[in-house]
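Here the protein sequences come in this chain order: A and B. Residues 1 to 311 (my numbering) are what the first sequence spells out, left to right. Residues 1 to 324 (my numbering) are what the second sequence spells out, left to right.
Hints listed in this document are in silico derivations from the structure and should not be mistaken for laboratory results. Beta carbons: idealized from backbone N, C-alpha and C, even for Gly. Among these hints, one or two may not hold up.
[As the list claims (entries may be wrong)] Derived DSS-like pairs: lysine-lysine, alpha-carbon spacing no greater than 25 Å straight-line:
1. A:K205 - B:K81
2. B:K17 - A:K114
3. A:K197 - B:K93
4. B:K81 - B:K70
5. B:K33 - B:K93
6. A:K197 - B:K17
7. B:K198 - B:K93
[What the hints assert, rightly or not] Rough simulated footprint, nothing fancy, chain B against chain A, three-plus residues with beta-carbon under 8 Å:
8. 189-196
9. 203-213
10. 283-295
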Amino acid sequence: MLIPVLVGVAFVIFLLLYLTPGDPARIILGTQATPETVRALRTEMGLDDPFVAQFGRYLYNVFLRGDLGRTYVTRAPVTREIMAAFPQTLKLAFWSILLLTVVGVPVGIISAIKQYSLLDNTVMLLAMIATAMPVFWLGLLLILFFSVHLGWFPSSGFDTPMSMVLPCVAVAMPSMAVVVRMTRSSMLEVIKQDYIKMARAKGQKESVIIRRHALLNALIPIITIIGLQFGVALGGAVLTESVFSIHGVGRLMVDGIKMRDYPLVQGGVMYTAFAFSVVNLFVDILYAYADPRIKAQYRRAGRRKMVTIRK
Amino acid sequence: MEEALLDIQDLVIHYEKRNGAVRAVEGLNLRLKRGETLGFVGETGAGKTTTALGIMRLLPVPPGRVVSGKILFNGENLLDKGEEEMRSIRGGKIAMIFQDPMTSLNPVITIDEQIAEMIALHSGLSHRDSISRALEMLELVGIRRERAGDYPHQFSGGMKQRVVIAIALACSPELLIADEPTTALDVTIQAQVLGLMKDLRRQFSTSLLLVTHDLGIVAESCDDTAIMYAGRIVEYAPTAELFGNPLHPYTRGLFNSIPKITGGKGDLMTIPGLTPDPSNLPPGCPFHPRCGLAVPECSSGIRAPLEAGEGHYSACPVTLGGRR
Numbered sequence: 001m002l003i004p005v006l007v008g009v010a011f012v013i014f015l016l017l018y019l020t021p022g023d024p025a026r027i028i029l030g031t032q033a034t035p036e037t038v039r040a041l042r043t044e045m046g047l048d049d050p051f052v053a054q055f056g057r058y059l060y061n062v063f064l065r066g067d068l069g070r071t072y073v074t075r076a077p078v079t080r081e082i083m084a085a086f087p088q089t090l091k092l093a094f095w096s097i098l099l100l101t102v103v104g105v106p107v108g109i110i111s112a113i114k115q116y117s118l119l120d121n122t123v124m125l126l127a128m129i130a131t132a133m134p135v136f137w138l139g140l141l142l143i144l145f146f147s148v149h150l151g152w153f154p155s156s157g158f159d160t161p162m163s164m165v166l167p168c169v170a171v172a173m174p175s176m177a178v179v180v181r182m183t184r185s186s187m188l189e190v191i192k193q194d195y196i197k198m199a200r201a202k203g204q205k206e207s208v209i210i211r212r213h214a215l216l217n218a219l220i221p222i223i224t225i226i227g228l229q230f231g232v233a234l235g236g237a238v239l240t241e242s243v244f245s246i247h248g249v250g251r252l253m254v255d256g257i258k259m260r261d262y263p264l265v266q267g268g269v270m271y272t273a274f275a276f277s278v279v280n281l282f283v284d285i286l287y288a289y290a291d292p293r294i295k296a297q298y299r300r301a302g303r304r305k306m307v308t309i310r311k
Numbered sequence: 001m002e003e004a005l006l007d008i009q010d011l012v013i014h015y016e017k018r019n020g021a022v023r024a025v026e027g028l029n030l031r032l033k034r035g036e037t038l039g040f041v042g043e044t045g046a047g048k049t050t051t052a053l054g055i056m057r058l059l060p061v062p063p064g065r066v067v068s069g070k071i072l073f074n075g076e077n078l079l080d081k082g083e084e085e086m087r088s089i090r091g092g093k094i095a096m097i098f099q100d101p102m103t104s105l106n107p108v109i110t111i112d113e114q115i116a117e118m119i120a121l122h123s124g125l126s127h128r129d130s131i132s133r134a135l136e137m138l139e140l141v142g143i144r145r146e147r148a149g150d151y152p153h154q155f156s157g158g159m160k161q162r163v164v165i166a167i168a169l170a171c172s173p174e175l176l177i178a179d180e181p182t183t184a185l186d187v188t189i190q191a192q193v194l195g196l197m198k199d200l201r202r203q204f205s206t207s208l209l210l211v212t213h214d215l216g217i218v219a220e221s222c223d224d225t226a227i228m229y230a231g232r233i234v235e236y237a238p239t240a241e242l243f244g245n246p247l248h249p250y251t252r253g254l255f256n257s258i259p260k261i262t263g264g265k266g267d268l269m270t271i272p273g274l275t276p277d278p279s280n281l282p283p284g285c286p287f288h289p290r291c292g293l294a295v296p297e298c299s300s301g302i303r304a305p306l307e308a309g310e311g312h313y314s315a316c317p318v319t320l321g322g323r324r
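Please construct the entire structure, taking both the sequences and the accompanying hints into account.
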């Protein structure tokens, strides 16, 4: 699944940038360049070749040589630029996903157990507000309140633990709202099931019923949604990174777009698609651990494959 | 009179909704003697499951609420028990089997663990001992030990119900409440499961409250039978007596509704009308709007069941030969 998705993404992004007006050669050389030098560079870069040839060359470079080209602005390899920005993005993604899981899932569970209570209603209202809030606005508010007003956290950078708090909160908040709602509805669905009644009829404690019988069954949608959020976060929190001036992948892509640095944008999108696909693959594997029925399916599919290969 | 294992007195259970109460159980009286099987028969919505959940104290509260009455188990009122004490009774002394075996087992836990959970809760055995006891239970219900580590989705419906029975009887409860245990199964599997329940019940000397709407099952396996209608017991008698001499018009209607193999291909007999809406019960005898024998007095006042013979009670004075 990984390869077709990446080829598809490559095609779309390549086509879009191909159709965008503006001459890369002119961007690289600046406004002072003579038409001759521009023409020479166009030929050198292969910009006069037909679309199919250009796209084919791009695919060849990306998939067979792992080369995303060089940026127009710094002439550095795009892969190096991305790898330089990646640790920041990964750090941000990891901590914010950890934060939203550790807070979001328990809150969702409690909300489900106490359905329609004051607590549940408050949580749902807050979740709605958090989903509706634009990230950059939340980021700015956090900076205004916690850095400028209270002076508790630095307003930019991403090196010390203290400086990581605000960006992680900003990234986690809207996703956390989604996770809370998903956990709640998934738990509500499971709590209604007969096997929960059965567990009660066994004389089991309510806390054990929630942890052992209900949560295990409610996990699949929760894993899915957290996986999705992780994929999105790995793609770079474009707005948050800009607000907090973090040099992550999102920021890199924004800069690339501003400068019309096509290889950088293309590379960034390819990287995002790749990160997303890899996360999805891991989520699929996690499913099997959460649900024996899915594991059995995988096993059957595996066996069938073995049979066809043997033929 | 010897003390009954289970003695329900004037039980009233309502579901409280915004627009009034749904009167699911209205003054129910029921006795189950130790070691016996009581068939508990009624149409869908008559309040059978509500009663069963009420005994287990597993009613969803709210909206469910036990308004009044007593549920005496070994002479002690279950409604006075604290949650902690109730937990040790559930599973340990009173076990319950639910209607649908397909959904009664937790899909992500292996079946030996699900049986062992019950054993560990009530016997204080270690996890390992609970598992080995669970394996014995599995063999008892006719499932090979090798399958103990399997998940519920790897079993057929009949086998799942066997597992459920193994769980229910794992701690040798004094009372087993089976809520339509065979309704979701094929007829052939039904017979197997019922036979298994009968054998094990004897082996563990467990009394059985069999909730069902299938009169055939009742005739087959119950000592006594109680007929429930709109939250009340309308007739209660030893099974043979009830089948030979049904007194209440509703009971008679039920028997007439069973197609007879010798009866030709005419229309099925039915009881006219529908069971009353439990949030809007008719005054007087709840059955009188559908009853062919109703007299004007039927629409006022509720009468306690009258004794019509040895252990045979009926709530209908009309068919008792005018003994009002």
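Results of checking the hints against the structure:
Taken as a hint, the K205 of chain A and K81 of chain B pair is honoured in the structure, with Cα atoms around 16 Å apart against an allowance of 25 Å. Under the criterion of a C-alpha separation no larger than 25 Å, the hint pairing K17 of chain B with K114 of chain A is consistent with the structure, at around 18 Å. For the given pair, K197 of chain A sits about 17 Å from K93 of chain B by alpha-carbon distance, which is consistent with the 25 Å threshold. Distance hint between K81 of chain B and K70 of chain B is fulfilled; the C-alpha atoms sit about 12 Å from each other, no more than 25 Å.
At most 25 Å may separate the alpha-carbon atoms for a hinted pair to count; K33 of chain B and K93 of chain B meet this at roughly 15 Å. For the suggested pair K197 of chain A and K17 of chain B, the alpha carbons sit about 22 Å apart, so the restraint of at most 25 Å is met. In summary, the hint linking K198 of chain B to K93 of chain B is supported, as the alpha carbons are separated by about 18 Å, within the 25 Å threshold. Under a criterion of three residues with beta carbons nearer than 8 Å to beta carbons of chain B, the stated coverage of the stretch 189-196 of chain A is upheld, 3 such residues being counted.
A stretch counts as covered by a chain when three or more of its residues have a beta carbon under 8 Å from one of that chain; for the stretch 203-213 of chain A and chain B the count is 5, and the coverage holds. With a cut-off of 8 Å between beta carbons, the stretch 283-295 of chain A has 4 residues touching chain B; three or more are needed, and the interface restraint holds.
Violated hints are absent here; each numbered hint is respected by the structure.
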